[in-house]
Structure formats: C-alpha cells, structure tokens
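Q: As a plain string of letters, each chain reads:
Protein chains: 2
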Amino acid sequence: MSPVQFAWKLVVVARSDLRLSAGKTAVQVAHAAVSCALASKKRDPDTFREWYDEGQRKVVVKVPNLRALYELKAQAEDLGLVTSLIQDAGLTEIPAGTVTVLGIGPAKERDIDRVTGNLSLL
Amino acid sequence: MSPVQFAWKLVVVARSDLRLSAGKTAVQVAHAAVSCALASKKRDPDTFREWYDEGQRKVVVKVPNLRALYELKAQAEDLGLVTSLIQDAGLTEIPAGTVTVLGIGPAKERDIDRVTGNLSLL
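Protein sequence lines correspond, in order, to chains C and L. Numbered per the working numbering, the first sequence spans residues 4 to 125. Numbered per the working numbering, the second sequence spans residues 4 to 125.
Hints listed in this document are in silico derivations from the structure and should not be mistaken for laboratory results. Ideal Cβ placement from N, Cα and C applies to all residues, glycine included. Keep in mind that the hints are not guaranteed to be accurate.
Derived coverage of chain L by chain C (criterion: at least 3 residues anywhere in the stretch with Cβ under 8 Å from a Cβ of chain C; other residues may be distant) [to be verified]:
id, region
1, 18-30
2, 57-63
3, 110-118
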C-alpha cells in the first residue's frame with residue numbers, strides 16, 4: 004500500500020506545555036480547523052476547494068510554549084497564509100482565555116512547510 | 004467563575020477501541036467538525052450561524068466500537084440532525100478506510116443530547 008500523495012494541507016500547531024487530555028486537545032484542534040476552513044472558503048475559495056476536494060488533509064504538530072506559537076503565527080502571516088489562533092473558553096482543565104493552538108492554512112504543502120516543516124507530530 | 008451556558012453544540016463521537024494517538028484522534032475529530040460545519044452551513048445556515056456565533060462549542064465523546072457508532076448515526080438521522088461519518092485515509096496507525104469518528108450537529112443541545120447525552124467524554 005503506497006501512501007496517498009497530497010499537495011494541500013491544513014496544519015494545527017498545539018502547545019505541548021499545557022498537557023491537555025486527548026479529548027480537550029481534539030476540541031481545540033477542531034476549533035482551529037473549522038475556523039481556518041471557513042476563513043479560507045471566504046478569502047480564497049479556490050485554495051479551499053482544492054484542499055477540501057483532495058481530502059481535507061490535516062496534520063497536528065507541537066511546539067513547547069506560547070512564544071513559539073506566536074512566532075509561527077507571525078511567520079505564517081508574512082507568507083500570506085490563513086491563520087487562526089484559538090483561545091479556550093476555559094470550562095475545564097485550563098483558565099479561560101488560554102491560547103491553546105494555532106491553525107495555518109489550508110495551503111500548498113510546500114508553503115506551509117516553510118513555517119512548520121521542522122516541527123514534530125503531536 | 005461560572006461556566007458559560009451554551010444552547011448549541013456539535014458532538015463528535017470517537018471509537019475508543021481503535022486506541023489512536025492524541026494527534027491522530029485530533030485529526031479525525033477535526034475532519035468530522037469541518038464536514039459537519041460545512042454541511043450545516045449549506046443545509047441550515049441559521050443553525051450554523053447560531054452555533055458559530057455562540058462560540059462553535061464542540062464536545063468529544065466515546066463509544067466502544069463501530070456498531071455503536073452506526074447506531075448513533077441512525078438515531079441522529081431519525082431526528083433530522085446533520086451527521087458526518089469519517090473514514091481514515093490510512094496513512095498511519097490504522098488500515099485505510101477504517102471508520103473512526105461520527106460528527107453530529109451542530110444543533111440545539113437538547114436535541115443532540117437525545118442521541119449522545121449518555122455517553123462519556125473522551
């Protein structure tokens with residue numbers, strides 16, 4: 004079985020220092036994915052459509068802290084990529100307003116990799 | 004700090020028997036959330052808007068196996084709720100085509116709770 008080749012992806016970067024549960028992490032990643040998908044659909048429908056029709060590939064990677072998340076956000080915006088920074092409503096596990104994850108894209112894999120290509124999978 | 008009250012939610016039901024990693028789980032949940040959000044936006048824009056503007060609440064719960072996932076899908080469809088069943092592309096961890104999660108909603112909390120109200124959080 005050879006792996007499917009994707010040209011497009013959406014990346015969500017998660018803070019590993021928050022030590023969230025699997026369920027809580029999934030909710031934060033889903034917030035970012037929905038926000039990025041909707042923003043992309045509005046601002047750049049062609050990119051959105053290419054990504055979605057290809058199978059809406061998503062990848063979740065990690066950074067050690069909040070500062071790293073902000074640095075990636077600045078880099079992604081410099082490249083003109085869609086970003087979405089998620090703050091938790093704070094109902095469980097962490098204080099309200101905690102910045103948890105950053106969504107980037109969807110975009111061409113080679114463009115997103117300029118920002119997140121060196122990060123480890125969550 | 005009193006918890007925020009939500010009237011709307013989107014629920015993603017995950018199979019606990021697949022024992023996916025936190026990252027893999029997050030990707031599957033995000034697939035379901037994006038698919039349900041887009042389907043809802045198209046079929047029932049008012050519901051979508053209410054849910055999104057309220058803060059796009061999401062909850063991740065679990066079932067023990069695939070059969071339970073299909074039973075919930077049937078129940079949700081009987082109530083007229085949006086559903087999205089996700090099959091993994093199978094690049095890692097599990098075989099291609101494995102059904103991993105079921106998204107339900109967004110919808111009024113009381114309607115979704117008729118289907119998923121008894122399930123435990125992931």
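Q: Each hint needs a verdict: does it hold in this structure or not?
A: Taking the hints in turn, this is what the structure says about them:
Restraint check on the region 18-30 of chain L versus chain C: 6 residues with Cβ-Cβ distances below 8 Å, three needed, restraint holds. Check on the region 57-63 of chain L: 6 of its residues sit with their Cβ under 8 Å from a Cβ of chain C, so the three-residue criterion for coverage holds. Evaluation of the coverage hint for the region 110-118 of chain L: breached, as 0 residues show C-beta separations to chain C shorter than 8 Å, against a requirement of three.
Taken one by one, the earlier hints fail for this structure only at number 3.
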